[in-house]
Amino acid sequence: MEIMEGSLAVAEAVKACRPNVIAAYPITPQTHIVEEIARMVADGELASEYVRVESEHSAMSVCIGASATGARTYTATTSQGMALMHEVLFNAAGLRLPIVMTAANRSLSAPINIWNDQQDAVSERDSGWIQLYAEDTQEASDMTIQAYKIAEDRDILLPVMVGMDGFILTHVHEPVELCPQEKVDDFLPSYDPDHYLTPKNPLSFGTIVYPSTYTEFRYMIHEAMKRAERKIIDVASDFRDKFGRHYGGLIDTYEAEDAEVLIMAMGSVIGTAKDAIDELRADGKGEKVGLVKVRCYRPFPAEAIAEAVKSAKAIAVLDKNISLGYEGALHTDVKSALYKENGPLALGFILGLGGRDITKNTIKNIAEKAQKAIKSGRVEKDSEFVDLGAL
Amino acid sequence: MKEIRIHGRGGQGVVTSAELLALAVFNDGKFSQAFPFFGFERRGAPVVSFVRINDSPIRLRSHIYNPDYVIVQDPTLLDIEDVTAGLKPSGMVIANTEKEPEKLGLKPEIRVRTINATKIAMETLGHPIMNTALIGAFAGATGEVSVESIKCAVTSRFSGKLGVKNAEAVQKAYDRMRGQIK
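Respectively, the protein sequence lines represent chains V and B. Here my numbering is used: the first sequence runs in plain steps of one and ends on residue 391. Here my numbering is used: the second sequence runs in plain steps of one and ends on residue 182.
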């Protein structure tokens, strides 16, 4: 293990995956990742084509073009950059191109804010990208390697977005163990697509389809997404066998077995929530609070979540995003997953927007609200903003 | 778990100090975490960074509100913000200033150690970049990290002569702080 910045740990993982083409446009807090990769290419440590583009729209477009020729591709972005990519993100998925992208999750303007939440990636929920969220820098680094294995599988062939909370994970220095190159080479064979662009065998990708076939293409992407659930679990196990680290498959649980209250969240808040749960359980009041970590947001692991929460009395869903006019996106999805069950009470909490800090006390207060709901047998507020200041 | 908050100004190496401390602590065989609170980067603006030290892996990712130690790189910050906010009663302030601890105007119950790290930096580096000297003084004042590990961290971060000179500044500040305590 060594102390390393999260961004560098991801850059090292990217390098170990030997991408052929990298195209990126720098934007805070993603910058350190792509700067480091640019350095690796310039210094001859990574034999890759690094394309300096004029925008994120172009970065994704270059990745799409390169990936269609059979190249392994990488990019990273965040916030406004991801929003600018929006149009081409759908193309990457629709063309079934296994591009891997780090999303250094950050808020969206306006007002302008450079800090962490997950609105950028959550807003691309329906783009056809597989979305994974990392808890710490080790997982962000390892997940990058797993992402290629998932994306390039011939049963899947979908782009994968690896979410790591901006600043909180991109800029933290903490102990990380890098995966040795020869083991990564063994784990991740080179990308070998059936169909790719080459002058020797001209093909067209993404041509117009009429109402008679468009639905079938969407259906096939959807089916591939559903197959990805199994694949994500399997790749996580293969990774454990090879590298000795496991973070759960689609979800992971912590102190969940006997929990009456289950907190559900994605990303770096998981660590803080674990510490808060330890303290709640240790303080002698016998509070049975646990955690469900949602590691994979798309495909949405509805069955796994329904199974994980079936003996809980209340769930508290934490969202670092908001579907304005309704509630947090994860909250909506989780409730929909429980619709068929006689499930627990569901409370939703909007928090951590634009870099607003989430403390152990925040988590404890949420757990307390869930316990109150259990006692009264009803949810007073479906969804609420946490730590809302004076207006 | 021990928590450290570092106050300085943009360009003074507030973030680098946190990283070097985390690296040194890890070299000592403990777990560590260093992270900045970035504003919109401007030279001279008040900047804060954080360090956690623990015997087991660190999962907590919130900012630090009740630090065990506060390191102050720039004494002019004392006039514009409460650097001791939330400091634990058992805590300590380590400040870069030529003044005696009792002259800083902090509450009398707060434990304070001062060191003229800027002067040490001028003597050894020829520049007023005092962040490495100040973490040497931190090691001397608190014993939370070994001076050897800080010197290792400094020489691995800065190559050649620059690393050697910074390590010298670390040792000098450490020795002066130890001398004060005795």
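By construction, these hints were calculated from the structure, which means they are not laboratory data. Mixed in with the good hints, there may be bad ones.
What the hints assert, rightly or not - These stretches of chain B come out as covered by chain V in the derived footprint (C-beta under 8 angstroms, 3 or more residues):
{"no.": "1", "region": "16 to 23"}
{"no.": "2", "region": "53 to 62"}
{"no.": "3", "region": "77 to 83"}
The beta carbon of each residue, even a glycine, is placed where N, CA and C say it ideally should be.
Verification of the hints:
1. Only residues whose C-beta sits within less than 8 angstroms of a C-beta in chain V count toward coverage, and the region 16 to 23 of chain B has 4 of them, enough to reach three; the restraint holds.
2. For the region 53 to 62 of chain B, the stated coverage by chain V is satisfied: 6 residues place a CB nearer than 8 angstroms to a CB of that chain, which reaches the threshold of 3.
3. Against chain V, the region 77 to 83 of chain B contributes 0 residues with a C-beta closer than 8 angstroms to a partner C-beta. That does not satisfy the three-residue criterion, and the hint is violated.
Going down the numbered hints, you'll see the structure goes against just number 3.
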